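2 protein chains.
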Amino acid sequence: MTHIDKTSRIPLYLQLMDILINKMENEMGENEQLPSEREICQQYDLSRTTVRQAINELEKDGYIYKVHGKGTFVSPKKVNQELVKFYSFTEEMKKLGKVPISKVLSFDVLEADRKTSNKLLVADGSKVYCFSRLRIADDIPMMLETSFVPYDLFPGITKEDLEHTALYELFRNRFQTEITMAEELFMPVLTNMKEAKLLKMPPSLPSLRIERLTHGVDRVIEYTNTIARGDKFKYHVRLEN
Amino acid sequence: MTHIDKTSRIPLYLQLMDILINKMENEMGENEQLPSEREICQQYDLSRTTVRQAINELEKDGYIYKVHGKGTFVSPKKVNQELVKFYSFTEEMKKLGKVPISKVLSFDVLEADRKTSNKLLVADGSKVYCFSRLRIADDIPMMLETSFVPYDLFPGITKEDLEHTALYELFRNRFQTEITMAEELFMPVLTNMKEAKLLKMPPSLPSLRIERLTHGVDRVIEYTNTIARGDKFKYHVRLEN
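Here the protein sequences line up with chains A and B, keeping their order. Each residue of the first sequence is one higher than the one before, counting from 1 in my numbering. Each residue of the second sequence is one higher than the one before, counting from 242 in my numbering.
Hints may be right or wrong, so weigh each one.
Once the Cα atoms are required to be at most 27 Å apart in a straight line, the calculated BS3-like pairs of lysine-lysine come out as [stated by the list, open to error]:
(1) A:LYS194 to B:LYS475
(2) B:LYS311 to B:LYS301
(3) B:LYS301 to A:LYS194
(4) B:LYS438 to A:LYS197
(5) A:LYS66 to B:LYS438
(6) B:LYS438 to A:LYS85
(7) B:LYS311 to A:LYS78
Here are the in silico distance ranges between beta carbons for each label pair [unchecked claim]:
(8) B:MET434 to A:PRO35: 25 to 33 Å
(9) B:MET434 to A:LYS103: 37 to 45 Å
(10) A:PRO35 to B:PRO443: 31 to 39 Å
It should be emphasised that the hints constitute simulated quantities derived from the structure, not laboratory data. Only a predicted model underlies this, so the values are computations on that prediction, with no experimental measurement involved. Think of the CB as a built atom: it goes at the ideal place given N, C-alpha and C, for glycine as much as any other residue.
Can you build the whole structure from these sequences, using the hints too?
Here's what the structure looks like:
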């Protein structure tokens, strides 16, 4: 559809959304500014209410974003993460030609509390690493991760290691530990103020919480809670019958 | 952990969360009321700030929910949807011993707009069914779905059909059309007022938008946009290395 059909049974705002999506996908670039509401009203001979409804839906669907006092802009495309086989943030970002870095926000060796020991299948009170990392791609904060890793399997990891080496590379190269599989649990969440600030996003934007359990040959080797920015990622899965 | 250790490096609110989660999972039932903040402060000798932080985090993580003027309650467990093979709402709810029903909110035969025809891989303007269904399990609204289905493959489906028969049963039994696979795309969203009202949830609760493309032998047979309540579902995937 390239023009509004006022005789159609399809609501006008849906028709307008269709036209604008088409324009953004074929003629406009990421972060390019959209015409103002007033201009869109005039161009398509539509009411302010209709245009506003279309714009609001496009914003909610993540196609566009608003900057207060500046206008409305085309959202950058989301990273499409395939949920087929085991993936790592570092590898996925490199594949997309982005430069991934990890900022280690905290790094501790603790005694596992009940929740953590239940997840890692270690004894209550076992020594575990607990670290938080901000995952950044091309200077944009993408994910916030809090990980728990059994100390006995990987002794002597330092904060500096994590800053310079991908975790799974450390597992593989320094400790000869291969990953066999991972389980992930996906839940939508709102970030709290602290998370939102670190991720440089408004706290009202919905995001995904991903709980990952990574398995080695005979042990759980990692339990990670990730907040993945909802405006940066979409997750794709293929379900065979 | 069953008591607060004030000498531990683990923040007090995290310790309290751990204790409360353990209590809820082992000693309390769904929708059971938690003690008041004041009572929790006294029981564990903690400050109001610490207790409030733990309660807020538990609410954000979906373990508990608040009812204005009444108190705080244990959330019902989320449905754990395995993303392994093709699934249907009707079948999944039956497996859990719940009674699934579908309320058909709208039912139309339309000409496909560009977005829909792109998804269904049909010509622009082809006849398609467009219907919205509220999916309910044991009287609780769980999902809101808007589906597009090519008319030519499945002529003569009525609103009443959809109210009494699962869509995939219709495809299989009346039209001898087998599903080969489906693709799903997961994105976190906030529901709008209308969606929230239909789903009987606060609009500020994050939910999942799931875009499904269902494939038959040689055609796309369904394109559905689902809003799945974030407080009712979690999605589990297993990733082999």
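For each hint, the structure was consulted:
1. Among the hinted pairs, LYS194 (chain A) with LYS475 (chain B) is consistent with the structure: their alpha-carbon atoms are about 24 Å apart, no more than 27 Å.
2. The straight-line distance between the Cα atoms of LYS311 (chain B) and LYS301 (chain B) is roughly 18 Å, inside the 27 Å bound, and the hint therefore holds.
3. Between LYS301 (chain B) and LYS194 (chain A) the alpha-carbon distance is near 13 Å, which keeps this suggested pair within the 27 Å criterion.
4. At roughly 31 Å between alpha-carbon atoms, LYS438 (chain B) and LYS197 (chain A) are farther apart than 27 Å, so this suggested pair is violated.
5. Note on LYS66 (chain A) and LYS438 (chain B): the hinted pairing holds, with a Cα-Cα distance of about 26 Å set against a maximum of 27 Å.
6. Straight-line distance between C-alpha atoms of LYS438 (chain B) and LYS85 (chain A) comes to about 38 Å, which puts the hinted pair past the 27 Å bound.
7. Between LYS311 (chain B) and LYS78 (chain A) the CA atoms are separated by roughly 41 Å; this puts the pair beyond 27 Å, and the hint is violated.
8. Roughly 27 Å separates the CB atoms of MET434 (chain B) and PRO35 (chain A), a value that falls within the hinted 25 to 33 Å.
9. A hinted range of 37 to 45 Å holds for the C-beta pair MET434 (chain B) and LYS103 (chain A), which are about 38 Å apart.
10. The supplied range of 31 to 39 Å is met by PRO35 (chain A) and PRO443 (chain B), whose beta-carbon atoms lie about 34 Å from each other.
Violated hints, in rising order: 4, 6, 7; the structure is consistent with all others.
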